[in-house]
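Residue numbers (this note's numbering), protein chains in the order written: chain B, 3 to 256; chain Y, 70 to 424; chain C, 33 to 321.
By construction, these hints were calculated from the structure, which means they are not laboratory data. As the structure is a computational prediction, the values presented were derived from the model and not from experiment. Backbone N, C-alpha and C fix where the C-beta goes; we use that ideal spot for every residue, glycine too. Errors might be hidden in some of the hints.
Only some residues are given here: those of chain Y computed to face chain B with a beta carbon under 7 angstroms [as the list claims (entries may be wrong)]:
1. Thr-171
2. Ala-266
3. Val-276
4. Phe-280
5. Val-283
6. Ala-286
7. Glu-289
8. Asn-290
9. Ala-295
10. Ala-296
11. Gly-298
12. His-381
13. Leu-384
14. Arg-410
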Amino acid sequence: MTTVLETKDLVKEFGALRAVDRLSVAFDSEDVTSIIGPNGAGKTTFYNLLTGRLTPTSGTVLLHTDGGEADITGLPTHDIARRGLSRAFQINNLFEGLSVLDNIRAARLATEGRTYELSTIMRDDDGLYERAWAVLEQTELTAVAEETVANLSHGDKRKVEIGLSLATDPSLVLLDEPTAGMNPNESERMVELIEQLDEETETTFVLTEHDMDIVLSISDRIIVLDQGSLLADGTPETVMQDERVTAAYLGEST
Amino acid sequence: MGESFIESLARPSEWTSTHLAGLVGLLLVVAPFAIGSYQTYLLTDALILGLFATGFNVLYGYTGLLSFGHAMFFAGAGYTLAVFMTDGVSALGLGAIFGGATPLVALAIAVVVGVLVAVILAVPVGFLSVRLEEIYFAMITLSFSMAVYTIILQDYGGVTNGSDGITVILSEADLFGIGVPLLSRTVYYFLVLAIVAPSMYLLWRIVRSPFGTVLTAIRENPERAAAIGIDVRRQRWASFVISAAFSGLAGAIYIPLHNVVAPGIAHWSFSAEPVIMTVLGGPYSFAGPILGAFVFRYLRWFVTQYPFFQAHWQLVFGTLVLVVLLFFKQGVAGALKYGRRYVEARSMGEPEGEP
Amino acid sequence: MVELPVVEILTGLSLGSRLFLVALGLSLIFGVLGVLNFAHGALYMVGAYVTISVVQSVVGNFWVAAVLAGVGVGLVGVAMEVGFIRRIYERDQLDQLILTFAFVLIISDLTRIVWGSQSYTLDPPASLNNTVQIAGASFLTYRLFVIVAGIVAMAAFWYVLQRTFVGSLIRATSSDRQMSQLLGTNVSRLYTGVFALGSVIAGIGGALAAPLQAVTPGVGDQVIISAFVVVVIGGLGSFTGAFIGAMAIGLIQSFGTMWVRGADLFLPFVAMIIVLIFRPEGLFGEEGQ
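Assemble the whole structure, with the sequences as input and the hints as a guide.
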């Protein structure tokens, strides 16, 4: 049981509104953790604070790597990404004009520290191709490798979204509603994919989700947020029996 | 595929970029001997403008930043060359060191120093400018460029000669007993070709490199680029400086061809020229900008044949840009690509003898 | 009591007033339509030319000419918006900038075709073509009028914005285009109307400027650059910002020549660069704009 990412009393205020209220959580490397909560509970804001897109009003974010504990609070996004904290967005946030392969290659180049390299011709780099191809195989995108992302189906785009977040060899991936906009078939495939990736790689997966069936089937641990604060944190069984959780969800259909 | 390069030349529909580049290269080498002196001058001008536009496009088409101030690098290098060629040579006593070869050596040094000045200017300007995006980037580059323009125009310190400009006329170099008249249009053409061709190759390598790919990712989605670990600001800065360096190079070699440098090449309306050329040619392919430069230059020459159009080239180009932007977003390069696909599709249908 | 350089201040304010009218239209169009109209200076210039033509014609009256200039330029604006600008709302801002720049070329050249390249001058209207003594120096009454006109324009605009239905539409659409559309605003007609209004204001600005400067085909370019500086400093989309920014630039240019030769050309850009670095949204702009 090793902690890979933790927050201590994380707070984010927008004027008078407290979007995230003294949130202290620790993510374990062994678990698939789901973050749930009603709309406006602060899930996306929380992600934004972790990845540096927003600066916290107060509190700390600590990333645990092989090198030890690093305080990544308020660091620029690219710096945090380089340290191994990756993110897949709720609304597809891709390099639309590039091919699927180039999307992944760009991520690989960033991870391998080759962003200022001028001496090679990228297309001729077989090693890079293979490493990018590996990611495409993992995410079942090999059939559309040369396609321009803008021309892909929504389901395939979602896969590219995850592929991008994995291509950087992250220690932890924050998935934001990975099944958003998918039909039941696609959602099932996505869940299987996540479970597969969880088994096959060392990467820790954290996801936000609305669909309780998915949450219950995939999660080792569930964190419940409500209006920016931590409502419950534990195994699916514990959380689902928690009265406060059912109260918060009263009237909410899955 | 066991046939030779020569044999593959026989089937135009299957020519690759290498074939085309080779053909173009051959044409360029032979050209000055086939066309007249004035046409050689035009061709030289088009090549220089092509380098300017291609350099500009590293920042625009590949990185997604529209600069309305690239004239400042073109002019900065141009004025540096002019000042060096008129005052610097004598001040440094180069004549005594290089003797007969001085005109050529001085030119080489002047070009290098010109590029250096463009780079030195680009580093702080770029650093400040890349903190902004989109139209704000366009406006800050425009204002930097106009600040440079007004400095040149005001002739502070008597360096730039204000609106009179500086005249640069190359003399004959004596290389090991052979007289090389640098002023000759043919000679200067080959000098320019010797600079532009390798520069275009360098630029081609730059955009095909990992650095180039990262730039296109930034163009497509700067936010996601940051999320995968790319330092967007720093990469843009690097792109800016590289773009400025090549634009400066173009500016430096432009001056001896036109024999005079005047403040006009620092004005924002001159900055608009690589924008027009790139839009016409197509910003999303490597050859687009230089194609656009050729269209731009030759169209300008063409309209001089018709007094009405010549007096109103702004109307002509304004309308052209309008039409291209509204209906042909990919520019000339896009049209060529479309045409090539059409030719390929047709030639593939032939062997089967389909109706 | 410190001796105020009154003449320089007033000259600066009169310049600021003319700039304000262009900047106001520019800001209005940007705020509501999201398009930075590079050609706005050209519209101002057309206003100046039309004024001169009308005054030199049978009509002979400056005030009529100014009104006709406003209307004429407004019609040009409508033609531009309906014919072309409308097609590029979905395109990214850079494309829009290049497109409106193409219009600069076209309008400038059409102006040259109609009026030629020579410089035109116009006398101020007889009623205001005298001087008044201020702080021991002579000051053209017409210039004072222009200053007053600028202030009146700002007040009138403020009134329209705050107290009329059209004004509330403009404010709403300025801050959230999508929402306005969802709420049922006929965005298409609003856009045309706003573009026309911005053009009319620019046209009148040109009309007012005609008696104060030589009118040449280069005037449009000069003014749009100054207008860019004004709206960036004041804040793109902010109307108060356009006013303050315009007056500031007018004063900077007026005083600048006192210190260093050519500084009036120079200093506005330095000011713009400083603002873009420290507060890109402008003095009165909203963050994230």
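To see whether the hints hold, each was checked on the structure:
Hint on Thr-171 (chain Y) is violated. Least Cβ distance to chain B is approximately 34 angstroms, over the 7 angstroms limit. Nearest Cβ of chain B to the Cβ of Ala-266 (chain Y): about 18 angstroms, over the 7 angstroms cut. The hint is violated. Violation of the interface hint for Val-276 (chain Y) is found here, the shortest Cβ-Cβ separation to chain B being roughly 10 angstroms, above the 7 angstroms cut-off. A distance limit of 7 angstroms between C-beta atoms decides the matter here; for Phe-280 (chain Y) the minimum to chain B is near 5 angstroms, and the interface restraint holds.
Below 7 angstroms, beta-carbon pairs count as interface contacts, and Val-283 (chain Y) has one with chain B at about 5 angstroms; its hint therefore holds. Annotation: Ala-286 (chain Y) was flagged as interfacial toward chain B, and the flag holds, the nearest CB pair being 4 angstroms apart, inside 7 angstroms. Satisfaction of the interface hint for Glu-289 (chain Y) is found here, the shortest Cβ-Cβ separation to chain B being roughly 4 angstroms, below the 7 angstroms cut-off. Satisfaction of the interface hint for Asn-290 (chain Y) is found here, the shortest Cβ-Cβ separation to chain B being roughly 5 angstroms, below the 7 angstroms cut-off.
The restraint placing Ala-295 (chain Y) at the interface with chain B holds, with a minimum CB-CB distance near 4 angstroms, inside the 7 angstroms limit. Checking Ala-296 (chain Y) against chain B by beta carbon gives a least distance of about 6 angstroms; that is within 7 angstroms, so the hint holds. Interface restraint check for Gly-298 (chain Y): the shortest CB-CB distance to chain B comes to about 4 angstroms, inside 7 angstroms, so the restraint holds. With a cut of 7 angstroms, the hint placing His-381 (chain Y) at the interface with chain B is violated, because the nearest CB-to-CB distance is about 36 angstroms.
This hint is violated: Leu-384 (chain Y) has a C-beta 33 angstroms from the nearest C-beta of chain B, more than the 7 angstroms allowed. A cut of 7 angstroms between beta carbons decides the hint on Arg-410 (chain Y): the least distance to chain B is about 16 angstroms, and the hint is violated.
Violation of the numbered hints given earlier is confined to hints 1, 2, 3, 12, 13 and 14; the remaining hints are satisfied by the structure.
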